Structure formats: C-alpha cells, structure tokens
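2 protein chains.
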Amino acid sequence: MSDILDEVLERIKPTKDEIGFVGGVVSEIIQRTNDAISQLGLTAKTMLVGSVARGTWLRHDPDIDIFILFKETLTREELERKGMAVARKVAGPAGEEKFAEHPYVTMKFHGIDIDLVPCYDVADPRKIKSAVDRSPHHQRYVEGRLTPQLADEVLLLKQFALGTGVYGAELKRQGFSGYLCELLILHYSSFSRLVEEVSRWVPGEVIDTLSYYPDKSEAKIIFDNQPLVVVDPVDPGRNAAAAVSLQNFSIFVRASQDFLDRPSLRFFFPKRVKLLTPAGLDRILKRRGTRLFCIVFRSPKVAPDVLYPQLRKTEKAIVTRLVQEGFEVLRSDVWADSISAILVELSVSRLPSVKTRIGPPPNISAKDFIREHLSSRNSLAGPMVDIAGRVIFEVKREWNDALAFLRDIMSQRVSFGKHVSEAVSQRYWIYEGEGLKEPLKDSGFREFLSEYLTRRLPWYR
Amino acid sequence: MSDILDEVLERIKPTKDEIGFVGGVVSEIIQRTNDAISQLGLTAKTMLVGSVARGTWLRHDPDIDIFILFKETLTREELERKGMAVARKVAGPAGEEKFAEHPYVTMKFHGIDIDLVPCYDVADPRKIKSAVDRSPHHQRYVEGRLTPQLADEVLLLKQFALGTGVYGAELKRQGFSGYLCELLILHYSSFSRLVEEVSRWVPGEVIDTLSYYPDKSEAKIIFDNQPLVVVDPVDPGRNAAAAVSLQNFSIFVRASQDFLDRPSLRFFFPKRVKLLTPAGLDRILKRRGTRLFCIVFRSPKVAPDVLYPQLRKTEKAIVTRLVQEGFEVLRSDVWADSISAILVELSVSRLPSVKTRIGPPPNISAKDFIREHLSSRNSLAGPMVDIAGRVIFEVKREWNDALAFLRDIMSQRVSFGKHVSEAVSQRYWIYEGEGLKEPLKDSGFREFLSEYLTRRLPWYR
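Residue numbers (my numbering), protein chains in the order written: chain A, 966 to 1426; chain B, 966 to 1426.
Hints in this document: simulated from the structure, not taken from any laboratory.
Chain A stretches covered by chain B per the calculated footprint, using a threshold of three residues with CB under 8 Å from any CB of chain B:
hint : region
1    : 1204 to 1217
2    : 1252 to 1260
3    : 1328 to 1334
4    : 1342 to 1354
Just so you know, these numbers come straight off a predicted model, no measurement behind them. By construction, the Cβ of each residue, glycine as well, lies at the ideal position given by its N, Cα and C atoms.
Kindly produce the complete structure, drawing on both the sequences and the hints.
Below you can see the structure in the form of structure tokens.
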C-alpha cells in the first residue's frame, strides 16, 4: 500500500516551483488587500485561510481564500459595504461579485482562482454572526496542529475522496469538505490508519477529538442521527460533517473496505466514464428495456447550492406521484448546467386501466368506502372481499400512460422547488428513449447520461 | 325486516306435502337398512342424521343421511367390510361407492339423494375413531334442543349463508356447514339477533355456548387464531367453524352489517351472474386493459375436497413465482369441473430486461455480494450505492415475458399439488386474452369467468 500512496503523493503534491509560484501570488494579493484597506481609511485585518494557507492544496488546484476581518461593532450593512469596497478595489475590473450567505468577490489572478471574503473578527467561534466568520477560527485551529507530514496525509485523503466521488460539501455533492478531511487526519493521524477505521464505520459514527461529549449517544441525539458526526473543535454545537449524505457516507466506507482489500491507484485516479455515442445510447436503452424519460428546462439563475436541492425536491415530487399512481421507478437523477435535467427511468410506461382499491379490514366499517365506490363511475368491479378479509373495489386508473401523466405533473408542479417551478412554467421538454439523442448533443448532459447508464462505483470502472 | 323473513320462509320451508313425502322415503330406507342388517346376521343400529332428521332442510334440497352404527369392538377392516355390505344391499345396483375419510355408499331413491354411512357407535364423542363417528352425537345434541320455531330460524340462516355465498364447509367453499348454522341459532336463538351480533364480530370471535373455556383468550390460542371459533358442544377440542376462511368470515360479517342497514330479499336470493358472450368478453378485457392468463388441464380423478386445496396450492405457487420475478398479479382464482382452470390476471405481461438487486446496508459487508455480481454475465450496471446507503446492482432479468415464464413454471411444477402436477405433466393449455373464447364454450367455465370478471358481493349484483 505504501508504494501506492507514494505514487499518489508524487502525482498530487505541489512541486517546490508551484509552491513558490502560489506563495508569490499570495504575498502579492495580501499586499494589495492591505493597501486597499489603508487607502480606503478602514480598520481591518487580512487573513489567508483554506488549503493554500495550510499546505493542503492539490497540485493544479490552488484556490486562494483571502478573508478581510472587520470589528464586531460594525453593523451588517457597514460590514458588507466596507468589505465589498476593499474586495472590489483589490480585484478591479477582473472581479466578479457573488453571493452565498453574504456577498464576496471572486477573481482570477495569474491564472489562479481567488476569493475575497469580508467577515467579522469574532473572538468566540460559538458566537459568530454568520458561517464565514468561522473560517478564521478553523484556520487557526488547523495551522497550529498540522505538521508537513500530516499535510501530506490530508492530500492523500482529499484525493481519495475526489477519486471515489465524495469530495466536496456543496449541496450538489453532499460529501466531505477539505476542512473535514483535515479534521479526520488530525483525529486518525494518518491516511492508512484512517481507511482502517473508516472500513468499520457504521451510520451514526461520532468523532469527537476534543471529547466535548463524554457520552456519544448524547451527540447522536443532538445531531439528529446524521450518518456521520464530526464535532467541530472550534464549535461543539456544529457537525463538521453535516453535509455528508448517507449515500456518500456509505460510498466512503465501501471505498475504504475495498481499498484495504486491494489497494490500487484506481481509488485515487479512477477511469473516466466512456461517453455514449447516439448509437451507443440506442444499444444500451435496448439492452435495459426500460422507459427512460428526461425532463429538460433552462436552469433558473440561482447558485448551484440553491438549484440542486430544488432539483432533488422536484425529482422526489415527480417520483412520488408516479409511484403513488402505480408506476415503478427504477432509478432517477438530476443534473444542471445552463440547462437542468431530471431523469426518471420507469420499468413500464403503460399500465392497465384497472387498479385495486383496498378498503377496510374486517374489524372496521366499510359502509362509507362501499357507498363512495358504488356511486363512482370509475368502479369496474366490486365490492368484493379478498383473502385477507378486506373489502376491495377494482376501479379505473386515472392515468395509465406515463408520458401523459408526466405532463400533468409538470403542469401542476406540486411540491416542486420554487425557482424550478418558475423555470418549468416558462417552458420544458420531455425526451424519451431515442429522443434523448437531442439533449445528448450537450457535452455536459452527455457525460451525465453516460455515467447514469453505466453507473459503477468509480474504482470498479 | 320481519316481512322479508316471512317471505323468505314462505319460499324455502318445505310444505306439509313435501315433508310427508320425504318422511315416507326416510321410513322406507330405514326399514330397508334394518332388514339388510338382520338378513346379513349383523349387530348394528340405524340412525337418521343431518338436516332431514332435524327439520332444517331447505325445500327442494332434502339430503337423507343414514348412518349404520357398529360396536367399537370391531376392527376398522371389519367395520368397513360389514358396513359396506349393508349399504350395498340397501342401495342395490343404484348405489355408488364413494370414499371420503372412509368408504360409504350414495344413491338416488325416489329422486332424493341418500348417503349410507357406516360408523362406530362411540359413547364418548371425544374418543371417536374418525370424523363420521361424530355425526350421531351432533344429531343427539341438536335434536334435543331444536324446537320447530328454532328450526325455522336455522332455515333462514342457511338461506342467508347460501345467498351471500358462504354456505358449505367443503374445501371448495370454506364456509359455514349446516351443523354450524344450527349451533349459531342455538347460541343466539334467532336469525335477527344473530345478524345483529355477527355485524359486530371481529376476526378471532369465540363462541362457546357451554362455557368450556372460561377464558376466551385460551380458546383463541388453542384454536390457533382461526377467524371464527365455535366450540363444538360434543367435543370441546374441536372448532365447529374450522372450515371458515377469513375471507368468508369477513363476507358473512359484511353481509350482516349491510342486511341490518337495508334488509332485502337479495341477501337470500341474489341475482344470477350475467353470462358473458364472446363479444362481451372482448369488451370487458379491453376495458380492464390487463393480461388475463388461464391455465387449463383435465381434472385429476380425485374428490373436490382433494382437488380444490391442490388447485389453490398450485395457484399460490404460480402467483408467488410471478411476483418474485417482478410481475404484478392483480387477481387470481381457480375452478374445476371435468376440466380444471387456474386464472392469473397480470397488470403487465412484459417487464424491462433490467431489475435491481439490493445488497447489504452500510453496516454489513458487501464483499461477497459485489464479487458474485461482478463476475456474473448478467450485471448491467453496478456496484452503486443508493440513497439508503445500500449497495445495488442492476442485473438482467431472467424472465421478462410472462407467457414464456408461465410455461417454465408449468414445466418445473415446484410446490404444485400432487395430482394437479401429474395432470399438468400430461397436458395443459394456456389461453390469454381473446384466446379465452375457446374455454368459454364450456358452460361451467363460462359461469366462472363471467363471475370473476364482474365480481361483486352477491347482494350488490
């Protein structure tokens, strides 16, 4: 295993030259920020945080986070006005304003992505005013403990998470953040020990390095049975692994088990998905024999962290209505770029006209149930009694064609995400089977659909 | 309600003339039996039992049961030899030998069905050697308690059970025997009080007129949670309602509820099922949109009480395999005459090629599951992890065409009834959809299929 890890490190660890180059960029941008602060006559501190500050950035992927820290006495409005003034001045016309919980500026400088983020300089991390105020505390906690040796272990873990598909805490991904990777290495002290431990994790795992919770079951209750709880050392009320879904938790555990079993570079550098050609699409759809529907619409202009939860909510609403009507949904998924797509794969797209309505068991009155169905024009047979003694009717199914029903669902948009519902109400397309060749022309969608139809855990590709 | 009951009684109670005629036949047959016994130099008693003996026979449906009682000291072999000699002598060439638990003779005499049944004359009904030995005890118990007024109430109950489709304890029917109807009237003392009480029955009802079980929950346990327990007054270890299925129990309760709600002659004399024409069959199949399969074969030469349980077992085996393979079975049923039929109605007869195999949850090793599926040529996608954290594969479905799968099931005949399996191995036919016009030519099958496709509780027809 250690040969493999050496090889991985060889590939992902920044070279001296790269470190020198990034260091130069950092010095320059900090200098510029300090200059901007004094030119604007403000009182603020500049702080480099994140992976570049801690030496845990993956080669080719430096991401410089400059935080501009203001006194807590400022109002929110003052902070944003003054902070953004500094950031704009640093970035100049190259800057682009963004908005997560609060506004910030992003820019490219010497080819490197840089975020300029105003925040409060809060003494007690449990009393922060917004999530960004926590980053300086994370920075201080990690930099005081992370030796260069440990930083290498973090690099291995990040690449492992990346390769197995669970890296990133954004809502699109629901995986492991860089900070979480650092905390895990600080806890387990090496990548190889970490995979050993993770291979034995079960959902409900609690990691509490500073022993804030002597009773782990208490932590489980407080953190509401999340699959993974990693108590944030700078704020014991926060779960640093809150973003991790059960699915990604489980993938991470399986990856660790499989890696221990047969260590390989494939966990870090999986094969890429083979892109489907139109003919390949035909072939695979024929082999599956399912009915694959894809709902496409222009993506609403909101951040991915807003869009993805809405897409998933919409996916769930659609799947639930299909299932309630009797359609079997084999799998479904969502994807977004400039266009958004919701895939729904059905076993069968036409159901019979008749379906069974099950009424009360023998010990409950069936009077209303029977009266209601007898007077309905949709009753085909019944009342009868099944072998379990329940009264049943056979009634006409409201929807027996999946496409017609999908169009009805899309026109009603019940429980859809807000922005998704607005976008869909403008216009949407439903592609099915061979019709998917049309959206396949979009290279991003093509990658998504190719991965969907040949899905395997990345290290099995 | 009492007008209705008067009218029912008017229709079903034998007239004086009929009673006189049947009484004459009974006298004659008892005389003949006694003569046969003495002519053969045997020691035995003749006893009239059953509905004719108790005045609880429905007009046009007298059924004379003559029991020939021998001493307990005889061996089984002696009993059968001597008993059958008497019965054969009484019946002459008109007799037909039958076999239930033991041999007996049946004959038609002056147009009336007569059974001649040899049995042991056992003093203590709890020590009988076979079920037929119990009948004389039932006879003595009922005749000592049933006044002519109560006999009329029994007639009402029998016709009610007949009209609602739950009369008869034979395995084809799984309903209420004549003796059970008598016990229920002896317990509740009138038909109208009975329907009141039955309308409140819940599964697990225990009726114990002689209070053998002071603790009803004890009776429930002893009788293994049968839906209805009526402790046999002559043998507290026996449930006189053991034949009653949960389905028929529930129908009986619903019928009582509905009758109280709106008393009508329809509960006693329901409309007959309208027989389907070939064109009507087309119309109803189209309206249902389901795939109706009918497996037909020559009935094995066994009694209905042997055949029906085997048909139901076979039906269950077929339905279970279809469901396990992913086919949705809407309804199924069996029927037999000189041919036997198993109906299976599917929502859809073609499934996609792919199906999901769900593996272990996150806390269980998936190694074997993954290895096994990776090496299988049937895997189409996977391993992947679903949102519940379980490892899943998508594999090729073995059977996606219901008809081909049905033929495979019929060739394997796993868990089929023994005689059914033998009959099927000779030859069988599968009819589907419009093909059902072929067996529709059989008038018995036609009635069965017509009832199946327009099924309603009889009093709702």
